[in-house]
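Asks: Letter by letter, the chains look like this.
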Amino acid sequence: MTPLSRRAFAAATTAALLTGCGGGHGTPRSTAGHPTGTTPSARSSAKPARALGRSLPVGLEIPAIGVDTPVIRLGLAPDRTVEVPPITADDRAGWYRHSPTPGQRGPSVILGHVTVGAHGDGVFRHLARLRRGDTITARLENGTAAVFAVGDVRTVAKADFPTEAVYGAVDRPELRLITCGGPRSGDEYRDNVIVFAALTSASP
Amino acid sequence: MRRTVLGAAALACTAVLASAVPAFADGPSPVSEATVVPSEAAPAPVDATEPSPVPAPVDATEPSPVPAATDSPDRSEAPGEVTVIPSGAPDTGVAAQESTAHGTLIGGGAAAVLAAGGAVFLVRRRRATTA
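Read top to bottom, the protein sequences are chains A and B.
If you're matching positions, the first sequence starts at 1 in my numbering and goes up one per residue.
If you're matching positions, the second sequence starts at 1001 in my numbering and goes up one per residue.
This is chain A alone, in the form it adopts within the complex (with noise of 0.2 Å):
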């Protein structure tokens, strides 16, 4: 090959590798697998901590998939199903506020996205790889932590959302955390993903 081949060649060779670069623009890293299968339901084998007093959460720590997120708060939308948290490129874990804050008596609800469109992976992005004795972390607002641990993961169709076993009341500090899973229908999941953990711990 000629010294002139050479340098055409070469720029093809850039050519086709800043296509590349350019062509990855905004494309999703959400391809790679969805949330694996269902976790048989167990109880938490974790001994109960005692109850925590009202305090709302400010962040959340998941140390087995990589969550450290501040959690804002959620409401009820206008056709009476949750808020989720907004859009972002910052995606944010919520706490529902209709529910105990963490650590108090009964089910505390955080939701968070799987995916936020075209910003990629949420917040939840793999929730569903959560397994039994996994520890979750509340920090609460006046400084305490309220520590969880993952009791049961499941996967269930947004049309047999169990809203009783999500909401319904407990005698204990329990937590819940939500997402979407499973198969896409468009922009759409068809599940919804949840964790069920109970309180180990609180600190300081």
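If you are wondering where the hints come from, they were derived from the structure by calculation, not from laboratory data.
Predicted model, so just to flag it, every value in this text is computed and none were measured.
Be a bit skeptical, because a hint or two may be false.
To be verified - What follows is a set of in silico ranges between Cβ atoms, one per label pair, in the way DEER data are often shown:
(1) B:S1087 with A:S185: 18 to 24 Å
(2) A:T88 with B:A1128: 54 to 60 Å
(3) A:G59 with B:G1080: 20 to 26 Å
(4) A:I65 with B:R1127: 54 to 60 Å
(5) A:A169 with B:G1088: 17 to 23 Å
What the hints assert, rightly or not - Computed from the model, here is a short list of chain A residues facing chain B with C-beta under 8 Å:
(6) P48
(7) G106
(8) T135
(9) K158
(10) F161
(11) A169
(12) C180
(13) R184
All residues carry an ideal CB built from backbone N, CA and C; glycine is no exception.
Using the hints, position chain B against chain A.
Replies: Then chain B, alone, in the frame of chain A:
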């Protein structure tokens, strides 16, 4: 020689621009996002917990068993339970449009093929000139 180098550079620029156009065209639409944001600011027209100025004639101290229909912020005070149970399932996932990725991929691939074809053409022309 110089013409060939300049031609290759122009070809590279063309390929970059060809890939940038579909990428820009596939940018997120602000309109579609706005429709997904929940209406946080819709205040309850009536505060259901506000006491009525007219006292009830009978048994006014008995709490009402009917939950309030408004989304008043102080309904979560009761510990141990969810005070207002939402209806339906949460919509916590907005998937990206598949056409976005496909369109960009097709545009990028076409530009790459164009660039490679141009390079071959330049080499052949140069060889024909020097022969």
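Asks: Each hint: holds or not?
Replies: Taking the hints in turn, this is what the structure says about them:
no., hint, in the structure
1, B:S1087 with A:S185: 18 to 24 Å, "holds, 21 Å"
2, A:T88 with B:A1128: 54 to 60 Å, "holds, 57 Å"
3, A:G59 with B:G1080: 20 to 26 Å, "holds, 23 Å"
4, A:I65 with B:R1127: 54 to 60 Å, "holds, 58 Å"
5, A:A169 with B:G1088: 17 to 23 Å, "holds, 20 Å"
6, P48, "violated, 14 Å"
7, G106, "holds, 4 Å"
8, T135, "violated, 22 Å"
9, K158, "holds, 4 Å"
10, F161, "holds, 4 Å"
11, A169, "holds, 4 Å"
12, C180, "holds, 3 Å"
13, R184, "holds, 5 Å"
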